[in-house]
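In the order they appear, the protein sequences are chains R and G. Counting along the first sequence from 1, when you hit position 118 you're at 117 in numbering that gives the first Met the number 0, and nothing is skipped either side. Counting along the second sequence from 1, when you hit position 290 you're at 289 in numbering that gives the first Met the number 0, and nothing is skipped either side.
Rather than coming from a laboratory, the hints here were simulated on the basis of the structure. Even glycine gets a Cβ: it sits at the ideal position worked out from N, Cα and C. Any given hint could be a false lead.
Footprint (simulated), chain G over chain R, 3 or more residues, beta carbon under 8 Å [stated by the list, open to error]:
| # | region |
| --- | --- |
| 1 | 233-240 |
| 2 | 426-440 |
A few chain R positions that, by computed beta-carbon distances, are all more than 10 Å from chain G [claimed, not checked]:
| # | residue |
| --- | --- |
| 3 | Lys-128 |
| 4 | Thr-209 |
| 5 | Lys-267 |
| 6 | Glu-275 |
| 7 | Glu-290 |
| 8 | Gly-300 |
| 9 | Ser-345 |
| 10 | Gly-369 |
| 11 | Tyr-403 |
| 12 | Pro-417 |
| 13 | Asp-419 |
| 14 | Ser-420 |
| 15 | Asn-421 |
| 16 | Arg-468 |
| 17 | Leu-470 |
Derived SDA-like pairs: lysine to any residue, alpha-carbon spacing no greater than 25 Å straight-line [unchecked claim]:
| # | chain 1 | residue 1 | chain 2 | residue 2 |
| --- | --- | --- | --- | --- |
| 18 | R | Lys-413 | G | Val-348 |
| 19 | G | Lys-19 | R | Ala-437 |
| 20 | R | Lys-413 | G | Ser-421 |
| 21 | R | Lys-429 | G | Asp-24 |
| 22 | R | Lys-413 | G | Lys-271 |
| 23 | R | Lys-413 | G | Gln-189 |
| 24 | G | Lys-333 | G | Gly-55 |
| 25 | R | Lys-402 | G | Ser-200 |
| 26 | R | Lys-92 | R | Asn-151 |
| 27 | R | Lys-429 | G | Lys-37 |
| 28 | R | Lys-413 | G | Asp-425 |
| 29 | G | Lys-28 | R | Lys-150 |
| 30 | R | Lys-413 | G | Asp-29 |
| 31 | G | Lys-271 | G | Gln-160 |
| 32 | R | Lys-110 | R | Arg-177 |
| 33 | R | Lys-408 | G | Lys-271 |
| 34 | R | Lys-150 | R | Asp-59 |
| 35 | G | Lys-349 | R | Ile-411 |
| 36 | G | Lys-19 | R | Gly-391 |
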Amino acid sequence: MKSRVVFVVWAGICAAVLAFAQPANAQPVDALKKAQNAFDNAQVLYLQGKFDEAAQGFQDAYAARPFPQFLYNVGASFHLKGKQTADPEAFTKAVEYYKKYLAEDPQASDKAKVEKAIGVLEAEIKRLKDAPKPNTGSGAPPPAEISEEAKNLEVKVRGLVVVESEPSNATIYIDDKRKGSFATTPWSGSLDGEHKIIIEKRGYKIAEKTISADPTKLFVLSAVMAQEDYLGWVEFKSNVPGAEIFIDDKSVGAVGKTPLSQNIKPGKHTFWISAEGYDEYKEEVEVIAGETHAITAALKGAPVGKINVIGLGIEDSTIFIDGQLACERGPCLKPLQQGDHVVTVSRPGFKSYTRRVTIQAKTEMSIKVGLAPKPSRSDAVIAYVLAAGFGGGGIFLGLQANKYQDQIKDAIAKGDPPPDSNDPRFTKGKIFAIAADATFVIAGITALTAVYYTFRDKGAPSTALIDVRALALTPQIGPGYAGLGMEARW
Amino acid sequence: MRTKILLTGCALLSAGVGCKWTDFDDLEKDTWVSSTDKPNGDSTDYGVAIARGQKGSNGGKLVVIGAGQAQYTELVYSPNGDSDLAPTALKLNTQFGIGNLDQQPILIADPSNDEVSLVVNSGSQAIAVLTGTGGLLAHQVFGPEQPDAATYMVPPPRVDQPALPTPAQVLVSSGDTVYGTFVMNVPNPQTKCQLQDAAASPVTVRGVGAARVSSTTFDDVVVWGSVGGNVGKLLLYPGSVFNGNPPVGACAGGIAQPIATSVLETPFVPAKGSQIVMVDATHFIAVGHKDLGSADSFLGYYTIDPTAKTITATGAAVTLGDLRTATVLNVGTKRFVVAGYPAALVENVKAGRVLVFPLDMTAGIDATPAAQLYDSQPEDNQQFGRGVAAMPFNGEEVVAVAADNEIFVYFELGPSSSGMGSIYGDKRVR
């Protein structure tokens with residue numbers, strides 16, 4: 000990490016010691032204070048160009064608390080002295096302490112860089128020793144020049160973040176437990192910027208602290224953890240690293256990723272562990288206070304693909320898959336089991352888009368939806384008005400027909416005189432009745448047309464462009480985990 | 000769901016408003032007055048004369064004559080009252096060269112069988128007698144004369160061929176002369192007989208009928224005419240006047256005198272178109288009117304005494320104006336006189352009406368009509384009643400009325416509380 004900074008601080012003004020509980024043992028605290036004072040003093044001497052004294056200060060700090068970074072800072076002090084004086088002895092001491100540093104911390108993240116510096120310095124030492132001796136009696140010899148390679152070699156002392164806990168061997172999480180465990184206490188190393196430090200240990204209360212790591216300071220975070228006897232301890236593991244862990248309620252989101260250990264209140268709990276491309280693992284456990292419960296999920300791979308619904312205005316659209324709400328608003332990226340699925344995208348004022356798609360395993364189907372606006376229904380309104388008009392006309396004509404019918408019935412009943420079979424009222428009444436029937440038929444047809452107009456799919460339909468891409472499983476390795484990750488290629 | 004609601008609404012609306020146009024067909028069948036319009040054809044003045052057609056126990060037939068382009072048709076009524084035009088329609092001009100008909104052509108029905116005869120003026124100032132059953136054939140044509148009246152009668156045996164059968168034949172009058180129309184072996188020239196009164200004055204014959212008085216095997220002839228143009232007389236002549244001018248007999252020498260006791264002056268002088276309608280062998284009604292267009296008319300009932308050979312008026316005559324024609328309706332034991340007044344006012348419209356008078360065989364005509372018939376939707380100049388007939392229908396008689404281009408048949412005359420009277424119930428088979 001380029002931003003990694005090492006600082007040696009002798010002055011105690013910038014040191015911070017954080018305690019989360021009453022100190023249980025005074026000896027470690029004194030040693031830490033001694034180391035911190037020595038670090039701060041050495042940092043001041045280093046800045047003043049008193050490299051031998053600064054190196055001694057960092058050695059004193061190491062004597063108090065053997066953090067490998069202190070050895071590096073001793074080497075850096077001699078390195079800078081040699082760089083300014085072209086003194087091969089100073090370079091020799093610098094190489095000595097760089098090597099001690101790597102011996103103390105063989106997994107140091109800057110191992111390659113330090114090894115490169117060792118190589119350059121050893122070559123420079125040899126070059127300086129092999130240089131011709133100056134003539135005696137001719138005055139002071141001219142100072143030896145160091146090589147350009149040695150000049151360009153960057154050197155500076157480093158700050159340090161130390162995280163300790165009492166008791167030790169607690170799990171450290173950085174920022175979010177869902178990122179997984181970071182390390183165990185005690186830990187020292189470099190951190191840059193503001194971070195939330197979470198320290199957790201079985202049977203103890205969780206300790207949390209937000210720190211702002213200063214690259215010029217020795218920052219010591221010491222947590223004395225209080226016992227939490229009434230909690231149970233759960234350890235989550237899975238064959239797929241980084242699987243998401245859900246507790247009791249999936250809707251609140253994942254609480255972390257495997258592997259994970261944490262306290263939990265006693266009682267019955269439901270745990271889900273899931274990872275993309277795998278069947279979900281579910282287990283119900285009766286957590287007992289003070290006991291450890293291991294949740295080991297053997298996730299099995301499932302034929303899963305993905306669907307990704309996007310498009311213009313998708314943020315105002317609701318996406319349903321197989322009739323179930325998938326996303327209240329787009330874009331909507333969801334894993335789906337291999338097979339046929341019905342995707343519906345709806346948006347107020349626009350025609351819904353529905354399509355049956357076939358999802359194949361290890362593919363991502365991208366559906367770019369273009370929803371067409373719903374057309375005006377004025378034609379339906381006109382048709383309804385016409386239907387009502389015809390209906391009214393039919394009623395009027397029907398009433399006229401009924402009037403003639405009543406007249407004829409009355410005339411027949413009275414017989415004074417009776418209407419003959421050719422009486423024009425028969426014809427008139429029949430014409431009115433037929434006209435009424437015809438008008439009702441027209442009204443009915445018009446009404447049906449209006450209904451059709453109401454529900455017909457008028458105008459251009461909503462469309463979508465579909466693109467299918469292959470998803471590949473690739474090995475992924477991270478701090479504390481290794482597994483397979485899924486990525487799309489096209 | 001919306002569609003269902005709409006369809007249900009439409010159905011309910013249709014059912015609620017009641018747009019069953021077939022209800023009017025049912026109502027047409029409910030009314031007991033059948034009306035038939037002029038059929039398609041050349042006739043422009045349909046229904047100038049009607050008479051009963053072939054008789055039968057099921058339904059009925061009515062012969063209807065159209066003028067303008069002369070036409071013979073027969074309306075066939077089914078037992079339930081539906082009417083149809085028989086395929087026997089004839090265009091008289093095409094068939095017989097008869098283009099125009101009188102305003103009141105003579106159409107008579109043989110009381111002894113189904114035959115009808117149309118007696119008209121042919122195109123060449125001759126009289127044509129067209130006879131038939133379910134159609135017409137030219138029976139005899141003679142002249143040159145104009146027909147004034149005609150009747151079916153059973154004539155006495157022919158003097159020249161006494162062995163020939165003597166079925167009922169048509170006797171036609173023209174002016175003061177009557178012509179007997181023979182069924183076979185028509186004499187040449189056509190026999191004729193001039194009728195005179197007792198004072199040897201010619202009698203202009205306006206109505207003629209066949210009465211069974213002096214013989215039990217053939218008919219005598221009852222005549223209603225005018226003498227000198229201003230005296231109306233009823234006279235009875237021997238049936239032998241049918242034979243015309245035989246060497247011997249009543250018309251020897253071509254002139255016949257009436258039976259002396261029979262002559263009866265009438266208060267009404269009949270004009271052309273008047274009729275004698277026989278009620279039975281010895282009773283008849285005299286239907287008289289002045290010239291067409293005159294409102295004066297006369298309806299009298301007369302009785303012939305076969306022993307004394309006298310004619311007497313029975314009861315008072317009905318003198319309502321505008322009488323055109325009349326017939327006798329037999330309903331069981333009751334008889335009615337059905338009289339047509341085609342120029343009568345109905346609801347202030349000159350549409351015409353028909354009055355049905357009760358007829359008592361001994362007391363005469365009751366001047367108070369038992370029913371009056373008219374069109375429920377009267378129209379001006381409709382001439383309702385310009386022809387009347389008693390049509391056998393389902394074995395019983397019903398009233399048929401002719402109007403301008405329209406024929407009415409009354410399948411029921413009552414019972415009703417109205418002026419339609421209560422003469423007979425519905426004769427239709429339902």
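Here is what the structure says about each hint:
Residues of the region 233-240 of chain R lying with their CB closer than 8 Å to a CB of chain G number 0, which falls below the three-residue condition for coverage. Closer than 8 Å: that is the beta-carbon criterion, and the region 426-440 of chain R has 7 residues meeting it against chain G, so the requirement of 3 holds. Against chain G, the non-interface label of R:Lys-128 holds: every CB pair exceeds 10 Å, the least being about 102 Å. The Cβ of R:Thr-209 lies farther than 10 Å from every Cβ of chain G, with a closest approach of about 60 Å, so its non-interface assignment holds.
The Cβ of R:Lys-267 sits about 47 Å from the closest Cβ of chain G, beyond the 10 Å cut-off, so the non-interface label holds. Distance to chain G confirms R:Glu-275 as a non-interface residue, since its nearest Cβ pair spans about 43 Å, more than 10 Å. Interface exclusion of R:Glu-290 from chain G stands, the closest Cβ pair being 60 Å apart, more than 10 Å. Against chain G, the non-interface label of R:Gly-300 holds: every CB pair exceeds 10 Å, the least being about 47 Å.
Taking the minimum C-beta to C-beta distance to chain G, about 20 Å, the non-interface status of R:Ser-345 holds against the 10 Å cut. In this structure R:Gly-369 is separated from chain G by more than 10 Å, as the shortest Cβ-Cβ distance comes to about 29 Å. Interface exclusion of R:Tyr-403 from chain G breaks down, the closest Cβ pair being 8 Å apart, not more than 10 Å. The Cβ of R:Pro-417 sits about 5 Å from the closest Cβ of chain G, inside the 10 Å cut-off, so the non-interface label is violated.
A Cβ of chain G approaches the Cβ of R:Asp-419 within 10 Å, the least distance being about 4 Å, so the stated non-interface status is violated. The claim that R:Ser-420 is not at the interface with chain G is violated, since a C-beta of that chain comes within 10 Å of its own (minimum 5 Å). Non-interface status of R:Asn-421 relative to chain G is broken: a Cβ of that chain comes within 10 Å, the nearest being about 3 Å off. Taking the minimum C-beta to C-beta distance to chain G, about 43 Å, the non-interface status of R:Arg-468 holds against the 10 Å cut.
With a closest Cβ-Cβ approach of about 44 Å to chain G, R:Leu-470 is found to remain outside the 10 Å limit, as its non-interface label requires. For a cut-off of 25 Å, the pair hint linking R:Lys-413 to G:Val-348 stands: about 21 Å separates their Cα positions. With a C-alpha separation of about 11 Å, the suggested pairing of G:Lys-19 with R:Ala-437 holds against the 25 Å cut-off. Taken as a hint, the R:Lys-413 and G:Ser-421 pair is honoured in the structure, with Cα atoms around 13 Å apart against an allowance of 25 Å.
For the proposed pair R:Lys-429 and G:Asp-24, the alpha carbon gap of about 8 Å is at most 25 Å, so the pair holds. Only pairs whose Cα atoms come within 25 Å are accepted, and R:Lys-413 paired with G:Lys-271 is rejected, the gap being roughly 39 Å. Of the pairs offered as hints, the one joining R:Lys-413 and G:Gln-189 is violated, with about 56 Å between alpha carbons and a cut-off of 25 Å exceeded. Proximity of G:Lys-333 to G:Gly-55 is assessed by CA-CA distance (about 21 Å); at most 25 Å being required, the pair is judged to hold.
Taking the CA atoms of R:Lys-402 and G:Ser-200, the gap is near 65 Å; set against the 25 Å cutoff, the hint is violated. A hinted pair counts as satisfied when its Cα atoms are at most 25 Å apart, and R:Lys-92 with R:Asn-151 qualifies at roughly 19 Å. Taking the CA atoms of R:Lys-429 and G:Lys-37, the gap is near 21 Å; set against the 25 Å cutoff, the hint holds. For the hint pairing R:Lys-413 with G:Asp-425, the CA-to-CA distance comes to about 15 Å; that is within 25 Å, so the pair holds.
The hinted pair formed by G:Lys-28 and R:Lys-150 fails the criterion: a straight-line CA distance of about 130 Å is larger than 25 Å. For the suggested pair R:Lys-413 and G:Asp-29, the alpha carbons sit about 13 Å apart, so the restraint of at most 25 Å is met. Simply put, G:Lys-271 and G:Gln-160 have alpha-carbon atoms about 34 Å apart, too far for the 25 Å limit, and the pair is violated. A C-alpha spacing of about 29 Å is found between R:Lys-110 and R:Arg-177, which places the hinted pair above 25 Å, so the restraint is violated.
Straight-line distance between C-alpha atoms of R:Lys-408 and G:Lys-271 comes to about 43 Å, which puts the hinted pair past the 25 Å bound. Between R:Lys-150 and R:Asp-59, the direct Cα distance comes to roughly 28 Å. Violation of the 25 Å bound is thereby established for this hinted pair. At roughly 23 Å between alpha-carbon atoms, G:Lys-349 and R:Ile-411 fall within 25 Å of each other, so this suggested pair holds. Between G:Lys-19 and R:Gly-391 the alpha-carbon distance is near 17 Å, which keeps this suggested pair within the 25 Å criterion.
When each numbered hint is compared with the structure, violations occur for hints 1, 11, 12, 13, 14, 15, 22, 23, 25, 29, 31, 32, 33, 34.
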